[in-house]
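From just these sequences and the hints, can you work out the full model?
Its first residue numbered 79, the sequence shown is counted upward by one per residue in my numbering.
In short, the hints are calculated from the structure, not lab data. Any given hint could turn out to be false.
To be verified - Derived Cβ-Cβ restraints for the label pairs, each shown as a range:
| id | residue 1 | residue 2 | range |
| --- | --- | --- | --- |
| 1 | A222 | G451 | 55 to 61 Å |
| 2 | G416 | G157 | 19 to 25 Å |
| 3 | A305 | K356 | 38 to 44 Å |
| 4 | S207 | A282 | 19 to 25 Å |
| 5 | P378 | S207 | 38 to 44 Å |
| 6 | V133 | K347 | 22 to 28 Å |
| 7 | A360 | T123 | 55 to 61 Å |
| 8 | K356 | G466 | 36 to 42 Å |
| 9 | K356 | E138 | 26 to 32 Å |
As the list claims (entries may be wrong) - Taking lysine-lysine pairs in the DSSO-like style, the calculated list, with each CA pair at most 30 Å apart, reads:
| id | residue 1 | residue 2 |
| --- | --- | --- |
| 10 | K455 | K442 |
| 11 | K235 | K217 |
| 12 | K140 | K455 |
We put the beta carbon where it would ideally sit given N, CA and C, even for glycine.
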Amino acid sequence: MKPLCILLFVLAAATVSAADAPKAASPAKVWTLIKETDLNTVTLTPQAEKRLGVVTVAVERKSVPRTRSFGGEVMVRAGNALIVTAPIAATVSGSLPQPGTLVKRGQALFKLIPILSPTERVNVATALSDAQSSVAGAKALLEAARITFARAERLVKAEAGSQRAVDDARAAVAVGEANLKAAETRVSTLASVLKDFEAGSITALPVTAPLDGLVMAVRTSGAQQVAAGAVLLEITALDPLWVRVPVYAGEANTLQPNAPAHVTRLGAKAGDVGVQAKPAIAPPSATALASTVDFYFELPNADARFRPGERVSVSLPLTTAETNLVVPWTAVLHDIHGGQWVYEQTAPQTFVRRRVTVERVAGKDAVLASGPGVGAKLVTGGAVELFGTELGTGK
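What follows is the structure, encoded as structure tokens:
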């Protein structure tokens with residue numbers, strides 16, 4: 079009986095010791111994961127949706143012309159540089175503009191005080207006769223340019239001509255009008271000087287800017303005596319400019335020759351739509367060592383955002399096209415890490431933020447490499463407000 083009691087005591091002690099021992103820690107813990115779409119879902123009330131002005135557009139799959147980017151150089155358009163000369167022998171009076179100064183057409187730059195002498199009187203009379211001949215020639219050229227312009231417009235209306243010919247003719251008319259006005263101004267100036275010679279008095283002649291542009295060079299200085307016809311300064315118009323795009327000769331036949339180009343500045347921010355430049359008529363040029371040929375485009379520059387010599391990015395359309403997912407560019411949002419997102423409406427007043435990858439921007443559309451499928455409703459109006467509501471940031 080005694081050995082049996084001892085055995086029962088030992089078994090009871092072992093049981094208590096095993097119960098009091100700590101349990102081993104689990105090597106892993108598993109929770110139920112939350113989907114990304116559950117985190118990025120925004121639900122609005124009908125009143126909130128109306129206040130935000132939410133507008134949706136369906137994703138489309140359509141043919142988009144392919145483009146290729148090249149480096150380009152902004153340059154002065156041929157014929158945009160004018161040289162201001164002295165109409166008669168005179169002394170320069172006043173302070174001259176410095177190179178790089180922007181001037182407006184008709185702006186007074188400095189004055190010329192004529193030098194009175196019998197020889198100069200003869201020179202002025204001769205110059206006046208030449209100027210009057212120039213006026214007659216400018217009128218004839220302007221009339222011919224207007225006839226060409228009218229003919230080009232009639233051909234376009236009859237669908238027998240090109241819009242490019244109309245644009246070129248319109249530019250020729252503008253140049254002719256400017257030349258005629260410059261010739262008439264020269265006649266008026268010389269006639270006034272000749273009248274002063276005959277009266278024996280001296281009247282200072284104001285020198286004004288013939289066009290809006292940039293002073294490129296000044297060839298004289300204050301109080302300097304200059305001869306008739308001496309170059310005083312050079313002014314270059316900055317609107318429009320040209321863009322020269324060197325293209326490898328082997329790729330030239332893959333580009334549309336008469337299609338407009340899309341020009342953007344280097345380092346442009348996301349969403350900068352850039353400027354459209356039309357093909358320009360320019361002398362052909364190429365670089366044999368680099369095996370490149372040059373394409374020229376006319377770049378509008380009314381706001382003076384581009385400068386001669388500036389390097390730009392130029393997108394040229396290819397002759398082929400491809401089918402892609404396309405959404406309005408206004409629907410694409412960017413986070414602080416550069417990630418691209420859109421808001422898809424999955425139910426009434428319910429919007430889910432989804433990732434997209436924008437391959438390129440074509441005009442006002444974004445071409446997607448990946449994103450929601452065709453028919454998905456994406457938010458365009460009010461997308462920034464939804465983004466701010468969810469994350470407290472903007473586009």
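A quick look at each hint next to the structure:
Remark: the range hint 55 to 61 Å for A222 to G451 is upheld by a beta-carbon distance near 59 Å. Checked against the given bound of 19 to 25 Å, the beta carbons of G416 and G157, roughly 44 Å apart, lie outside it. For the pair A305 and K356, the supplied restraint of 38 to 44 Å holds, since their beta-carbon distance comes to about 42 Å. In this structure the hint that S207 and A282 lie 19 to 25 Å apart at CB holds, the actual value being about 24 Å.
The hinted window of 38 to 44 Å between P378 and S207 holds, with their beta carbons roughly 40 Å apart. A hinted range of 22 to 28 Å holds for the C-beta pair V133 and K347, which are about 24 Å apart. A beta carbon spacing of about 60 Å between A360 and T123 agrees with the range 55 to 61 Å that was offered as a hint. Checked against the given bound of 36 to 42 Å, the beta carbons of K356 and G466, roughly 39 Å apart, stay inside it.
The hinted range of 26 to 32 Å is satisfied by K356 and E138, whose Cβ atoms lie roughly 28 Å apart. A threshold of 30 Å between alpha carbons decides the hint, and for K455 with K442 the separation of about 18 Å falls inside it, so the pair holds. The hinted pair formed by K235 and K217 meets the criterion: a straight-line CA distance of about 27 Å does not exceed 30 Å. With a C-alpha separation of about 16 Å, the suggested pairing of K140 with K455 holds against the 30 Å cut-off.
This entry does not satisfy hint 2, going by the numbered hints stated previously; all others are met.
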